[in-house]
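S.K.: Take a look at the letters that make up each chain.
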Amino acid sequence: MDKPLGDRPSVGIAREAEPPPRDPAGPDVASAARVYDYLLGGGQNFAVDRWLAEQFLELEPDTRLIARHNRAFLGRAVRFLAGQGIRQFIDLGAGPTAGNVHEIAQKIAPDASVVYVDNDPVAVALGRRLLADNPHTTVIEADLRHTDTILAHPDLQALVGVRQPVAVLAVAVLHFLLDDPHAVVGLYRDAVAPGSYLVISHLTREHRAQEMAGISRLGTQAGTPSTPRTRTQIEVLFDGWDLVAPGLTWTAAWRAEREDLADIGDPARSNLLAGVAIKTHSTAARTTERLGMTEPPATGQQEPHHPASPPTTATVGAAFTLTRAG
Amino acid sequence: MTDDPPPNGGIDTTIPNVARVWDYQLGGKDNFDADRTAADALNKACRAVGAPDGTVVARENRDFIRRAVGYLAGPAGIGQFIDIGAGLPTQGNVHHIAQKINPDAKVVYVDYDPMVLAHARGLLADNDNTTVITVDLRHRDEILHNPGLVALIDLTKPVAVLLVAVLHLLPDDENPAGIVAQLRDAIAPGSYLAVTHVTSDARPELAAKVADEFARLRITTPLIPRTRHEIGAFFNGFDLVEPGLVFPTRWNPIRVGDDPGAQWMYAGVGRKPTHDPARVAESGDR
Numbered sequence: 002m003d004k005p006l007g008d009r010p011s012v013g014i015a016r017e018a019e020p021p022p023r024d025p026a027g028p029d030v031a032s033a034a035r036v037y038d039y040l041l042g043g044g045q046n047f048a049v050d051r052w053l054a055e056q057f058l059e060l061e062p063d064t065r066l067i068a069r070h071n072r073a074f075l076g077r078a079v080r081f082l083a084g085q086g087i088r089q090f091i092d093l094g095a096g097p098t099a100g101n102v103h104e105i106a107q108k109i110a111p112d113a114s115v116v117y118v119d120n121d122p123v124a125v126a127l128g129r130r131l132l133a134d135n136p137h138t139t140v141i142e143a144d145l146r147h148t149d150t151i152l153a154h155p156d157l158q159a160l161v162g163v164r165q166p167v168a169v170l171a172v173a174v175l176h177f178l179l180d181d182p183h184a185v186v187g188l189y190r191d192a193v194a195p196g197s198y199l200v201i202s203h204l205t206r207e208h209r210a211q212e213m214a215g216i217s218r219l220g221t222q223a224g225t226p227s228t229p230r231t232r233t234q235i236e237v238l239f240d241g242w243d244l245v246a247p248g249l250t251w252t253a254a255w256r257a258e259r260e261d262l263a264d265i266g267d268p269a270r271s272n273l274l275a276g277v278a279i280k281t282h283s284t285a286a287r288t289t290e291r292l293g294m295t296e297p298p299a300t301g302q303q304e305p306h307h308p309a310s311p312p313t314t315a316t317v318g319a320a321f322t323l324t325r326a327g
Numbered sequence: 680m681t682d683d684p685p686p687n688g689g690i691d692t693t694i695p696n697v698a699r700v701w702d703y704q705l706g707g708k709d710n711f712d713a714d715r716t717a718a719d720a721l722n723k724a725c726r727a728v729g730a731p732d733g734t735v736v737a738r739e740n741r742d743f744i745r746r747a748v749g750y751l752a753g754p755a756g757i758g759q760f761i762d763i764g765a766g767l768p769t770q771g772n773v774h775h776i777a778q779k780i781n782p783d784a785k786v787v788y789v790d791y792d793p794m795v796l797a798h799a800r801g802l803l804a805d806n807d808n809t810t811v812i813t814v815d816l817r818h819r820d821e822i823l824h825n826p827g828l829v830a831l832i833d834l835t836k837p838v839a840v841l842l843v844a845v846l847h848l849l850p851d852d853e854n855p856a857g858i859v860a861q862l863r864d865a866i867a868p869g870s871y872l873a874v875t876h877v878t879s880d881a882r883p884e885l886a887a888k889v890a891d892e893f894a895r896l897r898i899t900t901p902l903i904p905r906t907r908h909e910i911g912a913f914f915n916g917f918d919l920v921e922p923g924l925v926f927p928t929r930w931n932p933i934r935v936g937d938d939p940g941a942q943w944m945y946a947g948v949g950r951k952p953t954h955d956p957a958r959v960a961e962s963g964d965r
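So the protein sequences, as listed, match chains Y and H.
Position in the first sequence (first residue = 1) + 1 = my numbering.
Position in the second sequence (first residue = 1) + 679 = my numbering.
The shape of chain Y in the complex, shown without the other chains (with noise of 0.2 Å):
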């Protein structure tokens, strides 16, 4: 695929595939990624996910707007990844606009491997009709908290040799985890080769908390929880991970240029925080000397394990505390 599509690229194809049949013992219930892609402009969502959007838009206007500027931090950190030499990316939660990331990275590097994984068969079958043609890419179905299931699949390994480094990128997608996200992203922290890079970014409640606990009630209401998090909470999801310049920041202003700024003013409204960082040969280090692991750390690169970061187990714990809702 050699053509960029832009911001949106699965709209036009999107719009062929046939809606699944109502499930006649039942309400249909809305999908989180459906909604993402109906609130982008996109063609593969069906009534109730454009009723959940909408009631979205009602609570917060500003909703099309922090889908957005979600989309163009993924572009704007996937950009920035293949830059620093990455060729591996797997995208989790990819929802069924997948397409975007193999198309941003490929453009930089044209042997770009993505992997993309979501847990909707209605995305993975979309998804893979969509890359049909790509031999770079491929579509795992997957719950993004089974990581061995994940990184064992032969689609995967085909690909992605995680000896090696990899982009695992987790955009708008861990506030969907009610339990312990913090657990989730550590499992691919331990799995991933030093050099790796982790993207994440989360639903919050430092702005306009609200209607972001309203949108995640509305969400719970239609069958798809999700939780907002504080930033504290957000933070510690990159423990064991060094952040890259400049750290946690909203969507909106990460290695934003003036024009990413020009319809938002203030970068609060982008509403997710998000954050890109590095699994370093110390940060490695540490992580095998909790294993017990007897890997020795790259010369000169090691860090004394200071008490205040990583977090330690028990500041995590007490971060979360959340129950399931709903």
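One should not assume that every hint holds.
[Said to hold, decoys possible] Far from chain H, some chain Y residues (derived; all Cβ distances over 10 Å):
1) A133
2) H183
3) G248
[What the hints assert, rightly or not] Each computed EDC-like pair below joins lysine to aspartate or glutamate, with the alpha-carbon atoms no more than 20 Å apart:
4) H:K836 <-> Y:E59
5) H:K779 <-> Y:D29
6) H:K779 <-> Y:D63
7) H:K779 <-> Y:E59
Quick caveat, the hints were computed from the structure, so don't treat them as lab data.
Please read all numbers here as calculations on a predicted model, not as lab measurements.
Cβ atoms here follow ideal geometry from the backbone N, Cα and C, with glycine treated the same way.
Given chain Y, put chain H in place with the hints provided.
M.R.: Frame of chain Y, contents of chain H only:
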């Protein structure tokens, strides 16, 4: 569209018209002096005793329509809407709400007011999935057999019938319950009924006074506030969806909170069951 408006559009601007009074309450422009004077008098009667006035009622009703139609077009999976007593477009355009969620949704507006027809024709000129028919609700046979309606709506499939802020314009001797029951029997199982209705429950004395004002001001229809029990009876043969028959602000609100609102109306959405126990028993005998 079968009926052309009579000469002069059949519009008498000297008598307050209930659709135009409502339009004024919503801040619309399709109203005349007589309508505005009547609305102001009604609102004054409410404000004199510190009660929320018609502007609040109209807004709450419009917001309920938005949420109810969104629910019907979304999770309820309804693709056909019959909005009876639709009023002037400012009341909340059902087709805009429904077609945003389901672009193929069909919407038929039904009103007996020629001014509604004139406005709706302009509004709907380029929308093949939406039409307006001029029929009096009291001639219910004519509604469901109307060629304009039949051309758009498949009555063998579920529909949503909206009787929003209209049943309280029908006195008991015009048999509103019978009208609703007949519509219920004619629509397919799995269909829905959405109702808002002015209530006397919260302020019996003021409700009676406002109803008297309707008569004194010679508004085109009377106002018949009813109790929650009486309004609930319109849902005979329907299963009310959550949260039941409530003040409009409490019907699946978007925002958190428990705002009772003006307490001038009850709102509900009911579903005609797909399994009629009597019919199941009957068929079992065969």
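S.K.: Among all the numbered hints in the text so far, which are the ones the structure does not match?
M.R.: The structure breaks only hint 4.
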